[in-house]
Amino acid sequence: MKNRSLVSITDFSREEYLQILDRAVEFEKNPNQRILQGKVVATLFFEPSTRTRLSFESAVNRLGGRVIGFSDASSSSTSKGESLKDTILTVSNYSDLIVMRHPIEGSARWASEVASVPVINAGDGANQHPTQCLLDLYTIRQTQGTLENLNIVFVGDLKYGRTVHSLVQALTNFNATFHFVSPTELKLPSSVKIYIKEKKLEYYQYTDINEAIQKADILYMTRIQRERFSDVMEYERVKNSYILNADMLNGTKNNLRILHPLPRVNEISTDVDSSPKAYYFQQALNGVFVRQALMASILGL
Amino acid sequence: MTDQPRKELVVSAIENGTVIDHIPSANVFQVMKILGLDKTENQVLFGTNLISRKYGSKGIIKVRNQFFEDREINKISLVAPNATLIVIKDFNIVEKRQVQVPDKIESMVKCFNPKCITNHEAIPTRFKVVDKEDLRLLCHYCEKITKKENVQFI
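Quick mapping for you: the protein sequence lines, in order, are chains A and B.
Going by this note's numbering, the first residue of the first sequence is number 1, and it counts up by one from there.
Going by this note's numbering, the first residue of the second sequence is number 1, and it counts up by one from there.
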């Protein structure tokens, strides 16, 4: 992995992911290791994403590295009309690693081709967000003790949710059985189902969350956004059908854990928060450990 | 009826140049545009809706004194996947080859995704051809698919 960029979840192999997850376990036990001393990491956030940026910056700081960068495009020379290529070429001279968030899809791949240092994609529009996927994998393994042979139930906006797409792609490496619960308008796209079919894995589709929830080892909830619907009436009709509340957890498996990429709006009722099956806040914390592991691996440390 | 018999060519023979045969009738003008034949100084002869034993209907283009490189010919495979390229010298066929849909397509087609970086900065587009029959192009950058009906040439 040394000196390689991570742009898309398909860039690394199953073994490489497992290596990063194993490494993250070490950082979870001992988060403060000054192995990045003398290294400079550039965090270029062309659109604001406070949660992701702070997670990366916290990871660098805990490893003793330094951070340079900006947190939105208005404070960069992009606002003067500079091209992404020029910005990346310049920043390559100032840093050992670039972490980039950009609203335009494919920008991270382009940056990785232009930069003389490795690039980590921290989200390129609706395309990829591989470190979110890594932390999801880490959390799943942490709660289940394995990534193999699990029943994963995805709920909500499966059409536009990039975290869902990346995680489905990644889990096809671990013999998962997939259950997709969504309104008909927001079904998983066929471009993602291809990955499941290639590995000859099983998947099932539902419109009623109650049909799938009993089978779940992992329940991965996502937000349904009003603007995704062409028909507002349809949104009003379905919006309350995909809300998880504490009563619905009756009779579910003991090992069930509920994940959510956050921020949550109302798709998980607050009465779920106190359930031992709720795991979305611990999930967010894991982001720092996997990002530490990823950066250390890419920098060859 | 047979393919045009040699003695009664619907489109006249050329002494030197290139014949592009088995073009879908509907796409003859698009092929001409892709190859820049709408702007060439050379003589161009063409026919559309001709009878073809293989495909029912076909188009053909003959260009005097002009020869094409693979890169140019690859472009037409996107609208004429079964086209045959015939190189003519002194009225004789010196080379005949099938146009091939390439595995990768570079700097030819625009990505259909308006949010793709290639539509925002001066970057040569790159696609992997994921379906050669029912043309589907996977963008190397934004990872979205551009379908046959959305293909626009640069």
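Because the hints were derived from the structure by calculation, they are not lab data.
Treat the hints with caution; some may be incorrect.
As the list claims (entries may be wrong) - Pairs of lysine-lysine, DSS-like flavour, derived with a Cα cap of 27 Å: (1) B:Lys147 to A:Lys159; (2) A:Lys193 to B:Lys104; (3) B:Lys96 to B:Lys39; (4) B:Lys110 to B:Lys89; (5) A:Lys85 to B:Lys115; (6) A:Lys199 to B:Lys147.
To see whether the hints hold, each was checked on the structure:
no., hint, verdict
1, B:Lys147 to A:Lys159, "18 Å, holds"
2, A:Lys193 to B:Lys104, "23 Å, holds"
3, B:Lys96 to B:Lys39, "25 Å, holds"
4, B:Lys110 to B:Lys89, "36 Å, violated"
5, A:Lys85 to B:Lys115, "17 Å, holds"
6, A:Lys199 to B:Lys147, "24 Å, holds"
Comparing the model with each earlier hint shows a violation of hint 4 alone; every other hint is respected.
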